[in-house]
Amino acid sequence: MSLTLIVLLPFIGAVLPAIMIRAGRNACATATGSITLLALILLMAKAPAVISGEVFQVSYSWLPELGLNVTFFLDGLGLLFATLILGIGLLIIIYARFYLSKDDPMGRFYAFLLLFQGAMVGIVLSDNILLLLVFWELTSLSSFLLIGYWKHLPEGRQGARMALAVTGAGGLAMIAGMLILGDIVGSYDLTVILQNADLIQASPMYVPALVLILLGCFTKSAQFPFHFWLPHAMAAPTPVSAYLHSATMVKAGIFLMARMWPVLSGTPEWFYIVATAGLVTMVLGAWIAIFKHDLKGLLAYSTVSHLGLITMLLGFGTPIAAVAGVFHIINHATFKAALFMTAGIIDHETGTRDIRRLGGLLNLMPIAGTIGIISAASMAGIIPLNGFLSKEMMLEEAWHTMWLDQGWVVPLLATVGAIFSVAYSFRFIFHVWLGKPRDENLPHHPHDPPFGMWGPPALLTVLVVLIGLFPAVIAGPLVAATSSAVIGGELPEYHLALWHGLTPALGMSVIAIVVGALLLMRHGALISATANLSRPDAKTMFDCAIAKLVALSRVISDNLHNGSLQRYLSVMIVASVAIGVSGFYAEPDHTAGTRELLDVSPAAAIGWVLLVVTSIAAVVMHHNR
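So for the sequence shown, numbering that gives the first Met the number 0 puts the first residue at 0; every next one is plus one.
Just so you know, the hints here were simulated from the structure itself, not pulled from any lab data.
Take these hints with a grain of salt, some might be off.
The calculated lysine-lysine pairs, modelled on DSS-like cross-linking and capped at a C-alpha distance of 30 angstroms, are [as the list claims (entries may be wrong)]: (1) K101 <-> K150; (2) K45 <-> K150; (3) K150 <-> K547.
With the hints as extra help, turn the sequences into a complete structure.
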């Protein structure tokens, strides 16, 4: 029962903010936070048993004839993601209380946030893929509401529509893939599907199912070529960006790839599609981030890059690479949520996010500056922070990975991606916090915010340091439990430690830091050298595609809906007769799939015949006037 309550609490609590806002902003935030805290406490009560290897499951019969039951289960992978969703969600609720202005409708914000939170928890705890799809689409709808929260801003409405269109289209593809997967196995229960890897991979429908499911994952997790929606979603309030783009929405695709890893990975198709998409996304996102002058824009493309890194590791298909991917999920969530909240602090206290106007803020905002510098250093992979550990594991796996029988491609591109990562991370440090102020006439006089704004990112930054110094103690048990659930078998031998000796990965890391620092020193020249390069504009391309789609729909509508009853009925008659006749001549296996044919009742048959006859009579006897 408590497992079901963990999923339901955010949905139940979504009605509270609208009521409690009448008692004041503090009461509204407290009520919202209490709901998330209660769900987190219920989850943590089960954590020790899950880490020890126990799996909790609860099921309710809903539509068993269709294979749809309300079934939830909690294993290591679900525990990790649910902890991130609820834990960081609680910090975001506190942060948003102080970030949002008095003119912002806080009740509406918290209601949307809890709705999204519930949908995300539902995804990671669902044991039925049809139920998972319901929650998947709920995340698209609720994220649309959150991204477009500032509905008076055109860019907010545009970003929300773009996110909904891209992730919604991917979701439709994924629905088809999941139905194929369930048809192959004969069950829609994840626990059953995950035990039939050989059956799935031997099926001729494996590749279509794989491609369709990956389309859903790639669109949700902003993988190339679907990465363009995420930066435009930065028009949302910073608490939304910090939540959706560090630990929740964009990690949904990552979660599903990890969940399906035991049955879909290990084939050439998986490797070349997933690893290639991740590698390209990692390098491309990092490269674009270097040129962004908006703080949130830089962090958005860095998020794209790090999502690509995790996707690449899952795509390698080896157990140790999966462990590295799991570890980086934790590390990225901690330092990226802290960085987004720090960017919000800068915007809130200075009135701008333009890096070209910032500089020397550490002297004016020492607390926020310390948080930002440590988190950005972790993003760059600087020892002894947690980002260094997972970056080393990534480079180590890249060193041992072949691509088209070539051993140099993956290590080279992984190092290039790491170089770009160092460059944009150092830019966040040196061009924002250090040096001299670039603009003495900022909209606001910079100063540290109240504790409610710097406390949540500070807590995450403490985790960044502690995981870096004591990885086996702080993160080891959770990494092991999660990796075991992802791999679906015995864990490989690995060591979470700061020092692994003089290895190729260490050399690649040193190269990345040195070259990345040099690249930042030549940042101005790099901007000038690339200023005249032609760059495809994703927003323009998206707007053009939508405009053409609308025009096409109008053409189709004008041709099909011309006001003629005869034409409408003629189409209905032809379709009805074709469907009915096809049932007599088609093979039963094709008409019913894997399910038994149902008997046709005489009443239904008579009704069908009468419908066709009356429609024909209407077509023949009706006259346009």
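Taking the hints in turn, this is what the structure says about them:
no. : hint          : verdict
1   : K101 <-> K150 : holds (16 angstroms)
2   : K45 <-> K150  : violated (40 angstroms)
3   : K150 <-> K547 : holds (25 angstroms)
In summary, the structure is inconsistent with hint 2 from the numbered list given earlier, while agreeing with all the others.
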